[in-house]
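Line by line, the protein sequences are chains A and B. Here numbering that gives the first Met the number 0 is used: position 96 in the first sequence is 95, and no number is missing along the way. Here numbering that gives the first Met the number 0 is used: position 328 in the second sequence is 327, and no number is missing along the way.
If you're looking for bench data, these hints aren't it; they were derived computationally from the structure. There may be inaccurate statements among the hints.
Calculated cross-link-like contacts (lysine-lysine; reagent style DSSO-like; alpha-carbon spacing at most 30 Å) [unchecked claim]:
| hint | chain 1 | residue 1 | chain 2 | residue 2 |
| --- | --- | --- | --- | --- |
| 1 | A | K25 | A | K121 |
| 2 | B | K25 | B | K121 |
| 3 | A | K25 | A | K52 |
| 4 | B | K250 | A | K333 |
| 5 | B | K250 | A | K250 |
| 6 | B | K25 | B | K52 |
Every value quoted in this text rests on a predicted model; they were computed, and no experiment measured them.
The chain contents come next:
There are 2 protein chains.
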Amino acid sequence: MTQILAQLGRWSTANGIRSLSFAQDKPLQLAGGAALAPLTIAYESYGRLNEDKSNAVLVCHALTGDQFVASANPVSGRPPWWPRVVGPGRPIDTNRFFVVCSNILGGCMGSSGPSSEDAEGKPYALRFPVITIADMVRAQAMLLDALGVPSLFAVIGGSIGGMQALQWAAAYPERVFACATIATSARHSAQNIAFHEVGRQAIMADPDWREGAYQQLAVRPAKGLAVARMAAHVTYLSQAALQRRFGRAPKAKAAGTFSFDPDFQVESYLRHQGRSFIDRFDANSYLYITRAADQFDLAADYGGTLAQAFRHSRTRFCSFGFSSDWHYPPEENKAIARAQVAAGCAASYVEILSDKGHDAFLLEEPEFEATLTGFIDAAATARGLAWQSDKRA
Amino acid sequence: MTQILAQLGRWSTANGIRSLSFAQDKPLQLAGGAALAPLTIAYESYGRLNEDKSNAVLVCHALTGDQFVASANPVSGRPPWWPRVVGPGRPIDTNRFFVVCSNILGGCMGSSGPSSEDAEGKPYALRFPVITIADMVRAQAMLLDALGVPSLFAVIGGSIGGMQALQWAAAYPERVFACATIATSARHSAQNIAFHEVGRQAIMADPDWREGAYQQLAVRPAKGLAVARMAAHVTYLSQAALQRRFGRAPKAKAAGTFSFDPDFQVESYLRHQGRSFIDRFDANSYLYITRAADQFDLAADYGGTLAQAFRHSRTRFCSFGFSSDWHYPPEENKAIARAQVAAGCAASYVEILSDKGHDAFLLEEPEFEATLTGFIDAAATARGLAWQSDKRA
Chain A
0 MTQILAQLGR WSTANGIRSL SFAQDKPLQL AGGAALAPLT IAYESYGRLN EDKSNAVLVC
60 HALTGDQFVA SANPVSGRPP WWPRVVGPGR PIDTNRFFVV CSNILGGCMG SSGPSSEDAE
120 GKPYALRFPV ITIADMVRAQ AMLLDALGVP SLFAVIGGSI GGMQALQWAA AYPERVFACA
180 TIATSARHSA QNIAFHEVGR QAIMADPDWR EGAYQQLAVR PAKGLAVARM AAHVTYLSQA
240 ALQRRFGRAP KAKAAGTFSF DPDFQVESYL RHQGRSFIDR FDANSYLYIT RAADQFDLAA
300 DYGGTLAQAF RHSRTRFCSF GFSSDWHYPP EENKAIARAQ VAAGCAASYV EILSDKGHDA
360 FLLEEPEFEA TLTGFIDAAA TARGLAWQSD KRA
Chain B
0 MTQILAQLGR WSTANGIRSL SFAQDKPLQL AGGAALAPLT IAYESYGRLN EDKSNAVLVC
60 HALTGDQFVA SANPVSGRPP WWPRVVGPGR PIDTNRFFVV CSNILGGCMG SSGPSSEDAE
120 GKPYALRFPV ITIADMVRAQ AMLLDALGVP SLFAVIGGSI GGMQALQWAA AYPERVFACA
180 TIATSARHSA QNIAFHEVGR QAIMADPDWR EGAYQQLAVR PAKGLAVARM AAHVTYLSQA
240 ALQRRFGRAP KAKAAGTFSF DPDFQVESYL RHQGRSFIDR FDANSYLYIT RAADQFDLAA
300 DYGGTLAQAF RHSRTRFCSF GFSSDWHYPP EENKAIARAQ VAAGCAASYV EILSDKGHDA
360 FLLEEPEFEA TLTGFIDAAA TARGLAWQSD KRA
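Hey, can you work out the whole structure from these sequences and the hints?
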């Protein structure tokens, strides 16, 4: 199987983006019924696959992330997004593990998405089929097949990446030895959906969105996308983090003038977040991926009981919540571990005291890193994984 | 003083909106330094002023409210916005009190605001001067002067209306016998400012905003204003209230189709909130009033210590917080009462257990109504106010 797929796929590298493409004869069957072909999966990898192919780790990225988890993005120049978690000597030690991270299906960093071209070479825009978290995971499985990775030592992800990791454990229990999910949820609350909908409406309210066909018209809904990002960004930070960092600190502006220029530093910060986002993200991808996240409901796929999603699993689970995360609150992450325990799995819930909000999982949180290291190391020992280089200090 | 002002002002009624206008020779001196003239204050009143003019209650409305606290709005046809709190037999009993509610300065229901005309008859748009909560209160004081109300038995307000009530107590301590502030804050947190800024950016991102000059151009930034309202609306509801009311209930849509039409009822609800808002509110008013709320910082006006704002006060205070209000959390309301107590005032903090979020103060909350009734009745007794009609049961 692995060999056949690898032959069917075509490897390429362009502008520093590595990818695997499948032609018309190897479509991705989507949960919505459509088949997607051609299909491209852009990815990055770190470390070496060991001889018995037992040391692979799949890192799943979040809504606006990319495959450059541990190296700079060659297109945007942005630094790696998870350098504290993935790298030499880090919890996911690239001296020990073969780490793969792929741009999610529907994304805009090389994988097939609404800005890709269809078989006739025309941009999809809204003709791109609806995609789900399960579809993203199936595309990742095709990539791993092609890479000759029969099973994962671990799958790990935060936020929407955590949904993918949960989906991996549910859909491919025999291929996942350990699973770490971080600041995520097995399904969106009404509030999650509401905030995503505000973002989608902001994009679609922009006349330059052109019913999604902006790409062909050489325009883009930059202002709408920036507003969407700003609204989302507020949900990623805790009240306390915003207060500590900005409080009511005023923004210097010309004395005696009044305008709707920023009065407060927090406003400038948000505007910067919006502006810098539009250069690196596609508005239609934002629509498709937020929709996939809203639609994700792991329990619903397994008869309405989350535990059923893990009923055949022998995966070792660790679920992390951050105390001040109000986007995916601790309770949501606790519920995941509870369902896993109810399914008879080895599962832990770890709550990290942090006042940084949802974004904490991307920031410096020594307790999180130490706990994740413990979970990974214990799982690696259980898996019988030897160190490839000097054991971490 | 009262007589002079009443002579200077001109009373009128148009389309069911009552208002008081001051001409060029009676400008409103604004905190920002400008003088606003002409000035119009639209208002509504209920009940009768008693002979010794001791039974007046000023109700201050919130961001998107209006003067029609206890009667239907004759322009929009919308029902009264606080019928459970103001009316015959209600906590603010219109059989007992003379209740005044005025459209805030900067608003769009008859009072001077960015959609008003300047002295030359041209719409202000962004030439309207910057306004503050203190300016809104000064305009209310001019109205009360003209109405022959030397002092208030009580001032009451929720949300941004609570800011006005606090400002009244601080600026005119001798004119306020009792003050009830509800689900408010003495200054905005960084998160409050951030959410307001998202709304402002959504409005300004709409090309039909036209740098604020949409009115002259016979267009309006309807889509941007709707997105602003949607973003704000999510902050008015608790996570639990959204979950209970909508959860993940799907929205019926044509089978087999995929679009970015609503998948979930919570999306339809938000879109409805956005759509219905644009018919009743002015985008520039939204910018000016949110800015005034963000700039409000009562402690800063009194040497940095909130208690100093109440140091000469003999007002009786009651501060109400709702347990699930994350827009103006209980802690913010508790801090107000703490400062009032520190200033030596008679002040209570009452926390209402509710899972309805910030909007709880506008909804059915029997415990809130009962507690407010107790506060008002006790204050009325202390003020020696007789009942004008049968005492409530």
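Hint by hint, here is what the structure shows:
1. Between A:K25 and A:K121 the CA atoms are separated by roughly 19 Å; this keeps the pair inside 30 Å, and the hint holds.
2. The straight-line distance between the Cα atoms of B:K25 and B:K121 is roughly 19 Å, inside the 30 Å bound, and the hint therefore holds.
3. Between A:K25 and A:K52 the CA atoms are separated by roughly 25 Å; this keeps the pair inside 30 Å, and the hint holds.
4. Restraint check for B:K250 and A:K333: satisfied, since their Cα atoms lie roughly 29 Å apart, inside the 30 Å limit.
5. In summary, the hint linking B:K250 to A:K250 is not supported, as the alpha carbons are separated by about 43 Å, beyond the 30 Å threshold.
6. A C-alpha spacing of about 25 Å is found between B:K25 and B:K52, which places the hinted pair at or below 30 Å, so the restraint holds.
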